[in-house]
Amino acid sequence: MPLDTSTYGLAHLRLDGRRWNELRRIHGQISTQAAADGSAYFEQGNTKLLCTVTGPQEPKRGGGSSRDQSNEAKVEVEINVAAFSGMDRKKRTRGDKRVQEMQYTIASAFQSTIFTHLYPHSTITLNLHVLSQDGSLLACALNAATLALIDAGVPMSDYVSACTVASAPSSDQSLDEQDPLLDLNGLEEQELPFLTVGTSGEEGKVLVLIMETRVQVGRLEAMVSVGLDGCRQIRGILDGMVREHGKQVLESRMS
Amino acid sequence: MANGTAKPPGLAFSRETFAKLTPGPFLQAHLQQPEPIRPNGRSLDAFRTPTIHTGSLSHSNGSAVVRLGDTAIVCGVRAEILLASDIPHPPGEDTSEDDLVERLGLLVPNVELSTGCSPGHLPGNPPSTVAQALSYRILSLLHTSNLINADDLRILYTEPASEDDLPDEGSKVVTKAFWALYIDVLCIALDGNPFDAAWAAVISALKSTQLPKAWWDPDREMILCSPLATETHGLRLDDIPVASTFAVFSTGSALKQRSEAESWVLADPDGFEEDVCSETVTAVARSDDGGVGSITRLEKSGGGAIGKAAMGRCVHMAQQRWREWQGVLHGG
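Residue numbers (our numbering), protein chains in the order written: chain X, 623 to 877; chain C, 82 to 413.
In case anyone wonders, no lab produced these hints; they're calculated from the structure. From the three backbone atoms N, C-alpha and C, an ideal C-beta is built for every residue, glycine too. Errors might be hidden in some of the hints.
[To be verified] List time: in silico DSBU-like cross-link candidates among lysine-lysine, alpha-carbon distance up to 30 angstroms:
1. C:101 / C:337
2. X:869 / X:827
3. C:101 / X:696
4. X:719 / X:696
5. X:713 / X:696
6. X:713 / C:288
7. C:294 / X:713
8. C:253 / X:712
9. C:288 / X:712
10. C:288 / C:381
[As the list claims (entries may be wrong)] The calculated label-pair distances, taken between Cβ atoms and stated as ranges, are:
11. X:874 / C:134: 50 to 58 angstroms
12. X:854 / C:92: 54 to 62 angstroms
13. X:871 / C:161: 27 to 35 angstroms
14. X:844 / C:317: 48 to 56 angstroms
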């Protein structure tokens, strides 16, 4: 059991040595591919993603009358899970429902953040490549996509940052002493009930909240508030990456 | 009186517009200069410098990321166990068969180009002919070059001596299972010459592959693996072949005399040059012990513009390229 209750209760350290509110090592690189309009590489622990943005551009599959009705850009997301990314080698087929659901979630999150009214009748395509999966896949995908969209220069209202939160297993101790755990890795995700929360903006407007496992209602509020705080931390990290990259670009232009 | 002596203004295009409208004459204009140069600034014989990073993926037995200019390719190697009892006609123990790897299908490369790596390869589509051809070329090159020794992929078991055996026969070593390597190549960005980059990614990933220590447990009748990183072993890959691809740009056409056509050989074509040239040559070079170099594979298709002399130059350049790659492969 990854969260063997006895050892967790003793030192309150998780399997990888983190405390309940610590994020994994986050590393990101902006503008990794010169050929794409915008690109970013993002890692959160061992979950590694590459995101490229093409657009805004003409819709590929012909206009059609339905497209002409909307005066906004359309955000399309394609997720490519590499066969070597997970614990077992699995080739994901095109119609994989889990992947489709994730694509839809990401697309709708950015549809509301991006200033789509500036690019009517056009399409912004996000291509996410999952190179390694170790938990928090949807959260990392949202973070990677944010960085790539910023690199592409697509105007958005704010960063979209996301993270996962779990509820520590119940023990013989009182129910009040349940720590929500921030930023799960693969093992923890399999064993514990968890939710993914994605926010936008400094004040933490919730854009995405997905939970597929069962948890007691009383724990939910604590999990969500820890999640919002985690998203704020990640937002700060993403902001730092973007500013660092901007400084480098400016310096290379000056010299 | 004439309207004026002013000449009508000539058409002036920017370089990018010229390249988009008439790519062929654009390239030809570059190549026909006294010092021929390509639109990307390289000379005719210049290859792009590769950068390789290995071992970055945690869930794979081996991995590599190769960047060749703007072409970026990721390769992951996963090892899975093929039990000898699952093979319909298991091979014998004594014969060291060269084609064991091929017969049992122990190497399974797959090149994925439909990732959005270039506008011509949109995700969600079934593999195009280019991708299928690449997968097959890599597979056949792996087999014909005998790169992987089948003995590295065996999981052996020493049977304990039983009463039936003669006292001086010694214990029998049988192969209980094989490692099958699934080599997945993912193209992240494509700017021409996917074969060279994909092959480089495959050999770098295989070089960095670590297989866990595995043994046959007779009581549980299954293969067990050790989780310790110190007990892994790599693959023996001596004499790694290196691929070099060339594109041939020719002004020949059906309307002209063959002798009037000019042609140029461009080493390591990028995306723009690949679209314009229909003829390609790929030479895979390997070393001989004497360092003279041997050619493992020679592929040519798309036209007849270059003759024996130019082919000889391509082969020579491929051998040169092999020397350059040794530094990158062993140094990185």
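For each hint, the structure was consulted:
1. C:101 / C:337: holds, 25 angstroms
2. X:869 / X:827: holds, 28 angstroms
3. C:101 / X:696: Roughly 27 angstroms separates the two Cα atoms, so the pair holds.
4. X:719 / X:696: holds, 21 angstroms
5. X:713 / X:696: holds, 28 angstroms
6. X:713 / C:288: Given pair residue 713 of chain X, residue 288 of chain C holds - Cα atoms ~23 angstroms apart, limit 30 angstroms.
7. C:294 / X:713: Measuring from Cα to Cα gives roughly 26 angstroms; hence the hint holds.
8. C:253 / X:712: violated, 36 angstroms
9. C:288 / X:712: holds, 23 angstroms
10. C:288 / C:381: holds, 28 angstroms
11. X:874 / C:134: 50 to 58 angstroms: violated, 23 angstroms
12. X:854 / C:92: 54 to 62 angstroms: The hinted range 54 to 62 angstroms holds for residue 854 of chain X and residue 92 of chain C, with Cβ atoms some 57 angstroms apart.
13. X:871 / C:161: 27 to 35 angstroms: Between residue 871 of chain X and residue 161 of chain C, where Cβ atoms are some 44 angstroms apart, the hint is violated.
14. X:844 / C:317: 48 to 56 angstroms: holds, 55 angstroms
Going down the numbered hints, you'll see the structure goes against 8, 11, 13, while the others check out.
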